[in-house]
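Sequence lines, in order, name chains A and B.
What the first sequence shows, in our numbering, is residues 4 to 169, in sequence order.
What the second sequence shows, in our numbering, is residues 4 to 169, in sequence order.
Careful, some of the hints might be misleading.
As the list makes no split between identical chains, a pair holds if one copy fits it or if it spans any two.
EDC-like cross-link-like pairs, simulated, lysine to aspartate or glutamate; straight-line CA separation at most 16 Å [stated by the list, open to error]: (1) Lys-157 / Asp-47; (2) Lys-13 / Asp-127; (3) Lys-157 / Glu-92; (4) Lys-72 / Glu-102; (5) Lys-72 / Glu-103; (6) Lys-151 / Glu-78; (7) Lys-93 / Asp-79; (8) Lys-157 / Glu-81; (9) Lys-157 / Glu-103; (10) Lys-13 / Asp-105; (11) Lys-157 / Asp-79; (12) Lys-24 / Glu-111; (13) Lys-24 / Asp-79.
It should be emphasised that the hints constitute simulated quantities derived from the structure, not laboratory data.
Protein chains: 2
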Amino acid sequence: MYAQITQFTKMLRTLSRLLDKAQQHAAANNLAPDALLNARLAPDMRPLTSQVQMACDTARLAASVLSGKPIPVYEDTETTIPELKTLIEKTVAYVASIEESDFAGWEERIVAPPGWSGAFLGKDYFYQHGVPNFYFHTVTAYDILRHKGVRIGKMDYIGQLPFLQR
Amino acid sequence: MYAQITQFTKMLRTLSRLLDKAQQHAAANNLAPDALLNARLAPDMRPLTSQVQMACDTARLAASVLSGKPIPVYEDTETTIPELKTLIEKTVAYVASIEESDFAGWEERIVAPPGWSGAFLGKDYFYQHGVPNFYFHTVTAYDILRHKGVRIGKMDYIGQLPFLQR
């Protein structure tokens, strides 16, 4: 399970690189970066900025509730790509600050995320909400960029893999 | 980790329900279901049919390589919503047929998926490829349907959660 927490930080760094590609795409095409940050896949879906913020929120929440460490509050005020990259860096630093031993007993820990109207077992929260919600926002961010023509591909999303041999 | 395998089957059943909503949307709007099955978010991205097939492929591959059980070969010949739902049912039945004890030692198992040019440790394969790739195709299927106006929302994607109390 700690490998999945580590994977959150890998994916957040990936998201940061995808934002770099978005910035380059905007510059190369004389687009305002806002045209990407405000882009969405349906009128009643959230735009790219929110997808990045919510991926960060989800990683931070999972790391906090499963370790019992206090959760840092961020205000989701980002409006530029550099600000979103800073949010990602802060989130990675927070998640990475929690050590594997801090998660001891996480599966049976009773988890009641702030503002939610219920409690779960840690393992149910993590696999049935934390992980799928994290990927929901990460993949939707990717899909928005793809839909807007940013030149990225599946391997930009998957990232480097630790092969033993080739 | 077995909870994540179980989560694959939960998400596949969710995908099947999303396809029901797609079918209803097509019927209610006098659309051919093909207009949804062939829909994609970018000209060089794969359409909905492929996203569903690849989510199934990924769940089947993970369950097979991490347990050492033979992988059933499916031909990806589906062209209708009922056929995709049958593929999902077959995939759920296969994944659910592998018991938790069959995965013993999965983290250190050396995994070389058929046709891939390398091998990984089981835990690296699972968290860095299997899980993110599964969610990539599942979320992209959802995003395609949302983009095409099918009336689904985030809770259709997350599904029911096992709350302890409310």
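Verification of the hints:
1. For the identical chains of this complex, Lys-157 and Asp-47 are inter-copy neighbours only, at 11 Å across copies versus 26 Å inside a copy, given an alpha-carbon limit of 16 Å.
2. Proximity of Lys-13 to Asp-127 under the C-alpha cut-off of 16 Å is restricted to the inter-copy arrangement: shortest distance 12 Å between copies versus 23 Å within a copy.
3. When the C-alpha separation of Lys-157 and Glu-92 is checked against a cutoff of 16 Å, the pair qualifies neither within a copy, at 23 Å, nor between copies, at 26 Å.
4. For the identical chains of this complex, Lys-72 and Glu-102 are intra-copy neighbours only, at 11 Å inside a copy versus 34 Å across copies, given an alpha-carbon limit of 16 Å.
5. Taking the shortest Cα distances, Lys-72 and Glu-103 sit within 16 Å of each other inside one copy (12 Å), while across copies they are farther apart (31 Å).
6. Proximity of Lys-151 and Glu-78 under a CA criterion of 16 Å is satisfied in neither setting, with 27 Å inside one chain copy and 32 Å between copies.
7. For the identical chains of this complex, Lys-93 and Asp-79 are intra-copy neighbours only, at 12 Å inside a copy versus 43 Å across copies, given an alpha-carbon limit of 16 Å.
8. In this assembly of identical chains, Lys-157 and Glu-81 lie within 16 Å of each other by CA distance neither inside one copy nor across copies; the values are 26 Å within and 23 Å between.
9. Taking the shortest alpha-carbon separations for Lys-157 and Glu-103, neither the intra-copy value of 30 Å nor the inter-copy value of 31 Å comes in at or below 16 Å.
10. Neither within a single protomer nor between protomers do Lys-13 and Asp-105 lie at most 16 Å apart by alpha-carbon distance, with minima of 20 Å and 29 Å respectively.
11. Taking the closest pair of Cα atoms, Lys-157 and Asp-79 never come within 16 Å of each other, the shortest separation being 28 Å inside a single copy and 20 Å across copies.
12. Neither within a single protomer nor between protomers do Lys-24 and Glu-111 lie at most 16 Å apart by alpha-carbon distance, with minima of 41 Å and 35 Å respectively.
13. Within a single copy, Lys-24 and Asp-79 get their C-alpha atoms no closer than 22 Å, and across copies no closer than 33 Å, so neither meets the 16 Å cut-off.
Consistency note: the structure conflicts with the earlier hints numbered 3, 6, 8, 9, 10, 11, 12 and 13.
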